[in-house]
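A.B. asks: What follows is each chain in one-letter form.
4 protein chains.
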Amino acid sequence: MLRVGIIGGTGYVGGELLRLLCVHPKAEVTVVTSRSHAGKPVDAMHPNLKGLLDLKFEDVDPSAIAHKCDLVFTAVPHGAAMNVVPGLVDAGLKVIDMSADYRLPADVFESVYNKKHADPRPTVYGLPELHAEEVKNATVVGNPGCYPTGAILTAAPLVAAGVVDRIVFDSKSGISGSGQEPSETTHYPNVAENVRPYNITTHRHKSEIDQELRALNNKVKIHFTPHVIPSVRGILTTAHAFINKPLTDDQVRAIYNEFYAGKPFIRMSKPTLANVRGSNFCDIAFEIEKGTDRIVIVSAIDNMVKGSAGEAIQNMNIMYGFDERTGIWMSGLPP
Amino acid sequence: MLRVGIIGGTGYVGGELLRLLCVHPKAEVTVVTSRSHAGKPVDAMHPNLKGLLDLKFEDVDPSAIAHKCDLVFTAVPHGAAMNVVPGLVDAGLKVIDMSADYRLPADVFESVYNKKHADPRPTVYGLPELHAEEVKNATVVGNPGCYPTGAILTAAPLVAAGVVDRIVFDSKSGISGSGQEPSETTHYPNVAENVRPYNITTHRHKSEIDQELRALNNKVKIHFTPHVIPSVRGILTTAHAFINKPLTDDQVRAIYNEFYAGKPFIRMSKPTLANVRGSNFCDIAFEIEKGTDRIVIVSAIDNMVKGSAGEAIQNMNIMYGFDERTGIWMSGLPP
Amino acid sequence: MLRVGIIGGTGYVGGELLRLLCVHPKAEVTVVTSRSHAGKPVDAMHPNLKGLLDLKFEDVDPSAIAHKCDLVFTAVPHGAAMNVVPGLVDAGLKVIDMSADYRLPADVFESVYNKKHADPRPTVYGLPELHAEEVKNATVVGNPGCYPTGAILTAAPLVAAGVVDRIVFDSKSGISGSGQEPSETTHYPNVAENVRPYNITTHRHKSEIDQELRALNNKVKIHFTPHVIPSVRGILTTAHAFINKPLTDDQVRAIYNEFYAGKPFIRMSKPTLANVRGSNFCDIAFEIEKGTDRIVIVSAIDNMVKGSAGEAIQNMNIMYGFDERTGIWMSGLPP
Amino acid sequence: MLRVGIIGGTGYVGGELLRLLCVHPKAEVTVVTSRSHAGKPVDAMHPNLKGLLDLKFEDVDPSAIAHKCDLVFTAVPHGAAMNVVPGLVDAGLKVIDMSADYRLPADVFESVYNKKHADPRPTVYGLPELHAEEVKNATVVGNPGCYPTGAILTAAPLVAAGVVDRIVFDSKSGISGSGQEPSETTHYPNVAENVRPYNITTHRHKSEIDQELRALNNKVKIHFTPHVIPSVRGILTTAHAFINKPLTDDQVRAIYNEFYAGKPFIRMSKPTLANVRGSNFCDIAFEIEKGTDRIVIVSAIDNMVKGSAGEAIQNMNIMYGFDERTGIWMSGLPP
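Protein chains in written order, with the UniProt record's numbering: chain A, 1 to 335; chain B, 1 to 335; chain C, 1 to 335; chain D, 1 to 335.
Extracted from the complex, chain A is given alone in its bound form (with noise of 0.2 angstroms):
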């Protein structure tokens, strides 16, 4: 049993991460942290976990955790993880980062998140369908955002193939990629029957975005513009790409088939939210404009998990040579 440690434990990731691991059946949550909640039962703060798991919140120690773990999960913010994930290195553990601290090289780092990185090592960007070879052999994975995930996953195939100049992500994300903290852009008032783009030319996901796709291909344009729609979870993201050859259905089919050949979580299937809800999936599909150099490919992914905590399990699998799905194999929940 590979036994495993969550830093920084009571926010939505966190507690997404014990939901699923709490079944994973090679994975033992042996370590669950929080400074301002030591010592209370895990289940008091995340009441849904009553009877599947128990443990109490511990303060953070890592040579204790050392002890008690083979690797461990950060998911604390932006910034505090370069300042926690050494000592655990050092302790000898591998580390999955859920936040944007080890995404992106030190220097885009620090340009983009405005801040001095302390701790510059270098990156495996965790998206395990396209990195898959170095997370298996990574100490420090850096989980990639939300987002990106959907982003990526939806034009990586067409940036690859070369066929695309320009794409326009318009991305609708459910709400609970703002974190468990309330506030007015959480407010139920201000986000039920409403839709809200926002940070809409500056939004530092792009950055991964960018770093990805045009690691594919270094001539491609990416704009990127977010919104909340009133959802709780999900993230569809409809890619408007501007292709520089005219393109067949079936030529755009076996782009997608072959680059996501043996990758059990892309399905080609008409993207809704419900489909993918509480499950580790990608659903791509894609229609051409007759008449025009666009082609639209729209993807929805669960942003808490393909987007964040199942696919850091997903990337834990590969670093322990499970098979990927293992824990997370299971369908989303319609209606």
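Accuracy of the hints is not assured; some may be wrong.
Note: identical chains are not told apart, hence a pair may lie in one copy or across any two.
[Stated by the list, open to error] Taking lysine-lysine and the DSSO-like style, the derived pairs with C-alpha atoms no more than 27 angstroms apart in a straight line are: (1) Lys221 <-> Lys290; (2) Lys221 <-> Lys245; (3) Lys263 <-> Lys94; (4) Lys68 <-> Lys136; (5) Lys219 <-> Lys290; (6) Lys40 <-> Lys26; (7) Lys40 <-> Lys56; (8) Lys245 <-> Lys219; (9) Lys270 <-> Lys56; (10) Lys263 <-> Lys56; (11) Lys94 <-> Lys136; (12) Lys136 <-> Lys263; (13) Lys116 <-> Lys290; (14) Lys290 <-> Lys115; (15) Lys40 <-> Lys263.
By construction, these hints were calculated from the structure, which means they are not laboratory data.
Following the hints, position chains B, C and D against chain A.
C.D. replies: Just chains B, C and D, lined up with the frame of chain A:
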């Protein structure tokens, strides 16, 4: 033109008063106060009013207000109103208070709200369908709570008829009743796809329901449990009433029709939140359970209109001899 | 591996059984029937299952089914099941029926559903927390209705203890209980931002609640009013119970703990739809009203799981001697 | 008092016209037709109007209508209007048609709607901000589609200024645009917690957007993809525009301010569906992407008001020389 002011104009109640008053044909808003936003345009906080209202927030100054107003609505928190109202009254103004401070006799208020009352004057409970005559001549009107408006209107005719022994009010409210301030209970993921009972046997609004219904029949037993549903506006009140003698549909209908004769905002009509949304109507229907002593009466109101700002304007209309429908005679907003 | 079939696999109930059974470690779905979709892949109707299940819909043929199955779930409409079940039983199969046809004695069924019963065999009411012993040896189990599951579990301990005289169940359900077929009552604009009481004093599920609670105490008076809230899944049951002697919190807690000792899916925990969403748990809490004879007990279940498919699988587990948690021991899905 | 009739008054469009017209100070509804509900009170289908309107549905009879009306709104399906309008015009009535039948030249209509046009008269496209002069003198006005109203108003100033080469309209609409008839796509479980792109490259409304924007600059390339979000009312249009020369914020703002000078319903204000809900406003904002050729313009309208009934009444006001705000000058309904 009646000149009106709003003390505390930044919240939901102030905003809703402004939404309705800015097109009221016999009243003009001349002052809107806010300590924290003094000097800012009102439409900076209420962008829905842009183009409809050209005012700036002012600081609270009773004598200045008295020069510009005939009537003020006090839309400040419970416990704060009692410190503001005396100065306004002394300056010659009439007041409709939106808080709980003037709904109950001072001794009852003190016991329910656990707070010394600073202005223990006799109160007029501003439920126009029951107290139009007192409202007409009042200087200070205590505008009813949203749950009490729904509950009292639902049951008053049967209680007054002396046919009911006990009523369980199971109320379902939109979240806007919690106000504009974000909190854990208004966080979208905690409200959506959920329904939350709270203050299950202890909600303070029960004292208003008690006061009004027991004035009609002091033997009736009242129970009240509120719930929040995933809706922004509206209260649906389900009243489970236990009757002390058999009644037919026709008898019950007659009781309601007679009690509400000449009350334009009460409609005997299948209640849905949509049909009353944004409007001052209260829609009521009932069903007698065959073979038992239960009758179920259901009503729908918009908590922000008939349960707050609309009812206040109805009171204003009555105080100044206008037709009580003036400025609030509009359809609900389905779908 | 237990071989199971689903008769009527295109609707919500069939889909939810498939969602859970496709990853059940001791059961394998070998047959899914649909008259209208025979020959089509199951994941054409349930795209959430793509990759998880490789089956085609078949036409209904009891003898063919008997060769491939040990147990079948009949997920066909009320009134249809009674015509299908006898043939399956004669072919040697065990049956868990998801309709209302086997929940009530035939004479009660006929009176409530106003329909002649074609198969008036003795029934086993498959509420595992009350009838595990009978379920164990049953050939045909009538799987309970969703509202009754919630209502009975909420009140049974107090009723069995003889301390309750009367209960008003005010239930709030997600719309998925209305099934997959679009109608005026499931039309989004009629459900969103609304709450709708229906069959206010006449819902047929009341007969199940009566049957089970009056078997525990035949003097208790039962009232039941269902509502639909803007939620897809979940039932919150608010039980207003009137007690015949004073009770303390400790006494009530002891009554529940004793009654549900050893029942893994019952949790004494603050009920929210989110915490049980997608899971088989029933979360229960209570509050005693000071100075009156009312106690309010509240529960939350997922109507599609504990109120339908999950409970059916729990029954299956019991019938075949598996741990009753097998395949359904998973967390709810908050947020 | 202008006498107006509504042909086809049972659906959402008819209901919304009635909601607004029943309190319009210069118009009186004298006829509402419905073949299937002739003889029934209008408020039986539109219970929100109870107390506000005392009319019965009548059968359609152009000459009878002509005796009682000056103007009629035809709110019948696409393809049906063209068979009704000629008779009304011949009877001397002015007509505002709510369907697609009079928005496009007959040849374009026939190609887009794949249907022979029965009444190929020249059309006036009733977007008042662009065509007030033609509307003023029109006999038949084709009231614009909801998506086109949002899209055209969002982009027209930049297109007219010649600075835009290509625009991708990614529109998000409430479900009320699908009408009153329940269907799989309006089924609550399919809409809630979801977002659905549809007619991704083929929506027929694109022809209206093309017509109007290419009349302003025939070189602009238009793309349009609509989505349905879990909202009843409202359209948020996200326009990703590609500019052919660098622009500053001030320049863009000046372009909009000049283009919309004297247009009371256009507000340069952060768009939210709540701020325009129930109102005739169109709120617009923009953001220029640094370092690229993209500008994102976003607008919000209520699809049932500015995108339908409100715009029609605005057209009516213009046709009869009333202030265009008459009867529709009201705030949106936040929260």
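A.B. asks: Just pull the numbers of the violated hints for me, sorted ascending.
C.D. replies: none
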